[in-house]
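Engineer: Residues per chain are reported as follows:
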Amino acid sequence: MKNFDRRKFIKKAAAASIGLAGAGAIMTGCGRKKIAEPAGLPPILNGAPPGKKLRAGLVGAGGRGTGAAINFISAGPDLEIIALADVFQDKIDACRERFASFGLPIPAENCFVGFDAYKKLMAIDEIDVVLLATPPKFRPEHFLEAVTRTKHVFMEKPVAVDSTGIRSILTTAKKAEAIGINVVTGTQRRHQEDYIETYKQVAAGAIGRITSAKAYWNQDHVWFRLREPGWNDMEYMIRNWNNFCWLSGDHILDTHVHNIDVVNWFTGKHPESAIGYGGRHRRVTGDQYDFFSIDFNYGNGLSSHSMCRQIDGCANGTGEIVVGTEGYTNCQNIIWDLDGNIKWKFEYPRDENNNPTNSLKIPAYVQEHMHLVWAIRTGNYVNEAEQTAISTLTAIMGRTAAYTGRMITWDEILKSDMNLGPSKIEFGPVDMKFEVPIPGLPVQI
Amino acid sequence: MNKIKITRQSKKKKSFVWIFFAGVIACIILIILGDKAISYTSTDEYCMSCHVHPHAEQSWKLSTHYNNSSGVKTHCIECHLAPKGKGYLLTKVKHGIKDIYGYWFKDSADFNWEAKKLPENAKKIVYEESCLECHTNLFPVTLSEDGGNAHLFYTLNKESLQCINCHIDVGHFDKNIKHAKDTTFGVIKTETAIVYTEPAKVEKFENFTEHIPGTEVSFNMIAVPGGKYNMGSPDDEPLREDDEGPVREVTVSPFWIGEVEVTWDEYLAFFQATSSQGRTEGQIVTTKKVDAVTGPTPPWGAPDQGWGKGSRPAITMTWYAANVYCKWLSQKTGKYYRLPTEAEWEYACRGGSSTPYFFEGNPKKFSSEGFVKKIFKPDTAVIASYVIYKENSNYRTAEPSAVKPNPFGIKNMSGNVAEFCSDYYSADAYKNDTVSINPRGPLEGKERVIRGGSFKSDAKDVRSAARDFTKTDIWLMTDPQMPKSIWWYSDCIDVGFRVVCEPDSLVLSKK
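These protein sequences, in sequence, are chains S and B.
Residue numbers for the first sequence follow this note's numbering, beginning at 64 and rising by one.
Residue numbers for the second sequence follow this note's numbering, beginning at 21 and rising by one.
This is chain S alone, in the form it adopts within the complex (with noise of 0.2 Å):
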């Protein structure tokens, strides 16, 4: 059954490559026109439709990823998890307990652990779906695993850390469209009705032309965690992961890529250069900025200043604004013109007394899935790896930026051999030092 209903996906690509052109027009360079016609936008779903039952897998089960794992399985009828595979038996057994307190148990015998458990995982042949939430490191590999093996993909944001992995994740994500493997990223803004209906705006000219951008992340500290006696440094840091780079790539990626994300999809390009500064001031542990500031060049006058911070105590906010010729947006659900009145505004839907509410029926977590679900059992074509590999290499360039203090070109990010972490991945010492970036060079004395 399975290997029928793949043919049938292969021969549809070809027609949704159409709707793909978008996407994939970023890499070609047309991408550099406006998109005059919004195409290939996602559908918006109550459900996803009924069809063959799809049992997926989970790779790295710790908190996004078994929440990941409940939002697939809450996207409509007959969807499975059956396996898991994470670093950390303890982080594999809460994941269980979890599902088995659903009454949705998964057997114990498809439960890996370990560097290779991913491998075991994805040589299950039922299994049609993998859910990939580990650390961003690790990604590329297992999307390569993933494709290589048949298995349509939800790969959570940001899909690398360096530019060897954004590199793969742009080469892995050609294969899959080649033999019609579904791709959805977790880049939950773009499965927003709210900021879909906005982009529609914007797109049919309710500003203008764009002419700058801003997006924001700025927040509170995020988790660590202490080093506890009887962890090794590879333990350490994973346990610690959200705090080194060369796991997380730095909360510009780990977060703030939602928004940079957000200026890329309504400008339809992304950014020729970088300049930017960042610091860190507060952060306990780890190696990783607490602050950027970033200034994205995109060309012909147009800026987009990007910033993130995770300190507390401080002016806090995220969101998105794209302000253009004749007004400006905040990408979710308002539209003013140059004046500040507003030109339009998203209608969310009532509660069941008929009083209006601030929120989607469908929390976009799970529209992502239903979506996903839809593309396999409908043949709707869909693949957003490489628009979230340009998002998240756009990202990976701002950081560079900030930690040399050099402008950073598309060119030269895109090109780099840039390739962080230890060069072998097992338990025990590690031998690396954490320095903490620092920009320029030292004043000659």
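For the record, the hints were derived by calculation from the structure and aren't laboratory data.
Just so we're clear, the structure is a prediction, and the values are computed from it rather than from any experiment.
A portion of the hints provided could be inaccurate.
Derived EDC-like pairs: lysine to aspartate or glutamate, alpha-carbon spacing no greater than 16 Å straight-line [as the list claims (entries may be wrong)]:
{"id": "1", "chain 1": "B", "residue 1": "Lys451", "chain 2": "B", "residue 2": "Glu165"}
{"id": "2", "chain 1": "S", "residue 1": "Lys478", "chain 2": "B", "residue 2": "Asp166"}
{"id": "3", "chain 1": "S", "residue 1": "Lys478", "chain 2": "B", "residue 2": "Glu77"}
{"id": "4", "chain 1": "B", "residue 1": "Lys451", "chain 2": "B", "residue 2": "Asp166"}
{"id": "5", "chain 1": "B", "residue 1": "Lys384", "chain 2": "B", "residue 2": "Glu261"}
{"id": "6", "chain 1": "S", "residue 1": "Lys478", "chain 2": "B", "residue 2": "Asp493"}
{"id": "7", "chain 1": "B", "residue 1": "Lys144", "chain 2": "B", "residue 2": "Asp119"}
{"id": "8", "chain 1": "B", "residue 1": "Lys137", "chain 2": "B", "residue 2": "Glu77"}
{"id": "9", "chain 1": "B", "residue 1": "Lys476", "chain 2": "B", "residue 2": "Glu218"}
FRET-style restraints, in silico, Cβ to Cβ [as the list claims (entries may be wrong)]:
{"id": "10", "chain 1": "B", "residue 1": "Lys195", "chain 2": "S", "residue 2": "Asp474", "range": "28 to 36 Å"}
{"id": "11", "chain 1": "B", "residue 1": "Lys178", "chain 2": "S", "residue 2": "Asp494", "range": "41 to 49 Å"}
{"id": "12", "chain 1": "B", "residue 1": "Pro160", "chain 2": "S", "residue 2": "Tyr411", "range": "54 to 62 Å"}
{"id": "13", "chain 1": "B", "residue 1": "Pro274", "chain 2": "S", "residue 2": "Asn363", "range": "55 to 63 Å"}
{"id": "14", "chain 1": "S", "residue 1": "Ser486", "chain 2": "B", "residue 2": "Pro274", "range": "31 to 39 Å"}
{"id": "15", "chain 1": "B", "residue 1": "Thr156", "chain 2": "S", "residue 2": "Asp414", "range": "49 to 57 Å"}
{"id": "16", "chain 1": "S", "residue 1": "Asp480", "chain 2": "B", "residue 2": "Pro258", "range": "25 to 33 Å"}
{"id": "17", "chain 1": "B", "residue 1": "Asn250", "chain 2": "S", "residue 2": "Asp480", "range": "45 to 53 Å"}
{"id": "18", "chain 1": "S", "residue 1": "Lys487", "chain 2": "B", "residue 2": "Val455", "range": "33 to 41 Å"}
Each residue gets a CB set at the ideal place from its N, CA and C atoms; glycine is no exception.
Given the coordinates of chain S, assemble chain B onto it according to the supplied hints.
Structural biologist: Okay, now just chain B, sitting in the frame of chain S:
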């Protein structure tokens, strides 16, 4: 009346119908015959019935387009004509006319197959659309990481890249032009001879033979006395370019220069002593620690192009690699080796002459550029005894024994391979430079000067004053690594270098 008219008209109509039908039938016959003719003249057998290069059939049968696991054969016209519906007939007519002309009016013994094999010429007879007609998926699941990078690069640079830039050996197999990493290159030593333990001791400023300690390699250095000369070419020199002027008087201090271009023997001694397998560790050359020069990574393809190594000039290394070689050689010998400055190079090349060449002759007479020269071959007897260039090279490097030296006793200054200088290139360098003693060129720039022309050059470009420069981006076009190699050019086969050794004042004082 009416009736008659009608019959006449119908008779006329009838005959018209007959003519019409006859026409249709004739057309059909013509089309069928035409189609037959086109099919017949498009078979492999038909191609090979005239095509006079006997090796083409054999190399095709050894190539992956014939000798493959799937058993699919790719026929002559599937690569050498545009695909059907995409210019097929047009290209058939074009090549047909050219082939008929060649068959009747040319002597096949004169064809230079070596030159035609080079990617820049192969492009003219292989159609990109034809490659892509069959190869519709550039990203098969089985593609390697390097392959993925290369195809990614191709999709971003379709204007400047063609499939055959990398896959040149797939239609006609040639083991020397395979596009792949050559990890065995230069690693295996084939013979054991006397290994030098000490470098040459030099006490006087005169010619000497250097020994590279720890190897069996030696080479001759020629003592070039310092002096004043006119650098550049005068406005009335035939076939000169603007960047060769204005002529200015320049003084250079005494120096030694290699009698010949650095040979494969010399370069491989360096490669074997320093090469690194990973590319990232090879990035930085330590200048402080003398024992830690890091050398080249494995090359891409066969850097010697299969022409042989030994005393042929080493080629395809980058300017950067040539510099590291000089640093390494300096450490090994305790002397100061470096690349020549452009002023030193021209001084050494001229050997006291101020004419276009260091021998007698007019560039216009030697040059084969222009329509008339294509018919009336230039007289090359004099130039060919001194210079390996387009007309006598068979498109490959030659051993130094093939030519006579210049007045200083130096060989191949002009021709054979173009040589790196230490200067940055700038077209108006002579105009702007005010330094008249040992000038070193512009303070900054992107590309470096190369001098002397090569086995690919016309007589015009092997003149003593002719200038050229490195073209880093183009010369690395098909290197699939990201970032590209800093050690080897993937797309330049006619550049090499020559070393200069600076004498210290003690040596110079002893006459």
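Engineer: Could you run down the list of hints and mark each one as holding or not?
Structural biologist: Here's how the hints hold up against the structure:
1. Taking the CA atoms of lysine 451 of chain B and glutamate 165 of chain B, the gap is about 48 Å. The hint is violated against a cut of 16 Å.
2. Annotation: proposed proximity of lysine 478 of chain S to aspartate 166 of chain B holds, straight-line Cα distance about 13 Å (limit 16 Å).
3. For the given pair, lysine 478 of chain S sits about 40 Å from glutamate 77 of chain B by alpha-carbon distance, which is inconsistent with the 16 Å threshold.
4. A hinted pair counts as satisfied when its Cα atoms are at most 16 Å apart, and lysine 451 of chain B with aspartate 166 of chain B does not qualify at roughly 45 Å.
5. Between lysine 384 of chain B and glutamate 261 of chain B, the direct Cα distance comes to roughly 13 Å. Compliance with the 16 Å bound is thereby established for this hinted pair.
6. For a cut-off of 16 Å, the pair hint linking lysine 478 of chain S to aspartate 493 of chain B stands: about 13 Å separates their Cα positions.
7. For the suggested pair lysine 144 of chain B and aspartate 119 of chain B, the alpha carbons sit about 14 Å apart, so the restraint of at most 16 Å is met.
8. Only pairs whose Cα atoms come within 16 Å are accepted, and lysine 137 of chain B paired with glutamate 77 of chain B is accepted, the gap being roughly 14 Å.
9. Between lysine 476 of chain B and glutamate 218 of chain B the CA atoms are separated by roughly 38 Å; this puts the pair beyond 16 Å, and the hint is violated.
10. Distance hint for lysine 195 of chain B and aspartate 474 of chain S: a CB-CB separation of about 35 Å, consistent with the stated range 28 to 36 Å.
11. As the Cβ distance of lysine 178 of chain B to aspartate 494 of chain S is approximately 43 Å, the hint placing it in 41 to 49 Å holds.
12. The given range of 54 to 62 Å is broken by proline 160 of chain B and tyrosine 411 of chain S, whose C-beta atoms sit roughly 46 Å from each other.
13. Between proline 274 of chain B and asparagine 363 of chain S the beta carbon distance is about 56 Å. The supplied range of 55 to 63 Å therefore holds.
14. The hint said 31 to 39 Å for the Cβ distance between serine 486 of chain S and proline 274 of chain B, and at roughly 50 Å that hint is violated.
15. About 52 Å separates the C-beta atoms of threonine 156 of chain B and aspartate 414 of chain S, a value consistent with the hinted range of 49 to 57 Å.
16. Judged by the Cβ atoms, the range 25 to 33 Å given for aspartate 480 of chain S and proline 258 of chain B is violated: they are separated by roughly 48 Å.
17. Here the CB-CB span from asparagine 250 of chain B to aspartate 480 of chain S is close to 46 Å, well matched to the stated 45 to 53 Å.
18. For lysine 487 of chain S and valine 455 of chain B, the hinted distance range of 33 to 41 Å is not satisfied, since their beta carbons lie about 53 Å from each other.
Hint compliance for this structure: hints 1, 3, 4, 9, 12, 14, 16, 18 are broken, all remaining hints hold.
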